[in-house]
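Peer 1: Sequence:
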Amino acid sequence: MIQLDSKTLPAAVQRQLTQLQQKVDTENTFAEKAAKAQSLWDSKGGKKGKEAFETIVETLYSLCVFVGVCNYCEQSEANDVEHIYPKSFFPEHAFNWDNYLLACKQCNSGLKLDTFFVLDASDEPIELQRGQAPPFTKLAFINPRIENPNTFMLLALPGFTFELLPGLSKGDQNKALKTLEILQLNNRDILLAARKSAAEYYYLRMELLIRLLDAPSITAIEALLPPYYGNLDPALTLEELKQNFKESFKIHITTYQHPSVWHVIKVIGSQLSPKWKRIFAQLPEALNW
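Quick note on the UniProt record's numbering: the sequence shown kicks off at 1 and runs consecutively.
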């Protein structure tokens, strides 16, 4: 998990959300608000609401950590608009823009669904019960729309499981632990294997980039490229080609699956791995990619 970029909705779309939320908020009891939130979510309030949500989905898609990929597991296709605060427990956030992200069905419907915890006055996690109003409102769950998950936890190398950072408060520890528990981010073999594969991809891409940047001639560059790469632009000089490679590789690296892996490579791998040390020594600007 990484924190998502912030984007503002068009004013007309935000007005639709505000109007829908107001209809929820005018209900009297928690049960009535939860029912109204679900009803309006299903109908989107009619044609204008449905049109607004088309824009919302498009905007959320642009925020994904990789093209159309779940913002929780960073692996599977994101098909669902996820309420970070579940609308069944927090109807007051049912139409809050900052409460949305795109998630895969496994993370959203299969795992999280209505499994949720809040922190009590002692920062102990309390599991919420369906149909009952939350006794506390402090989430025991990291909200990547407004929080940076990397201030709570980092992937461990080479195990590729998330470990809590030292020095966290009790509340932040429980928030991170419940996030990992609900989403099973450390327990799904497919995720561990995919993170390892992503780490290998990052290394091989960066290693190739270093070799391309060190190439003494265009002929040497052509020898390094895969056979399906295509022809190089003959109008470009050697230095212009190298600059283009650097820019395109940066885009590939920073928009690839499992950005949490790239983050920990920069933070930890660059300090502990001789191979990564060498790469970042040759291209230090990549530490800011």
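Think of the hints as simulated: they come from the structure by calculation, not from any bench.
The beta carbon of each residue, even a glycine, is placed where N, CA and C say it ideally should be.
Worth double-checking, as some hints may not be accurate.
Stated by the list, open to error - Estimated spans, in silico, between C-beta atoms of each pair:
#, residue 1, residue 2, range
1, I251, A11, 29 to 35 Å
2, G230, I126, 55 to 61 Å
3, P234, D189, 44 to 50 Å
4, K196, A281, 36 to 42 Å
5, D189, S62, 41 to 47 Å
6, E200, P234, 30 to 36 Å
7, P227, H252, 32 to 38 Å
8, D189, F136, 57 to 63 Å
9, A31, P10, 47 to 53 Å
10, I126, P227, 56 to 62 Å
Peer 1: Against the earlier hints, flag every one the structure doesn't satisfy and list their numbers going up.
Peer 2: The structure conflicts with hints 4, 5, 7, 8, 9, although it agrees with all the remaining ones.
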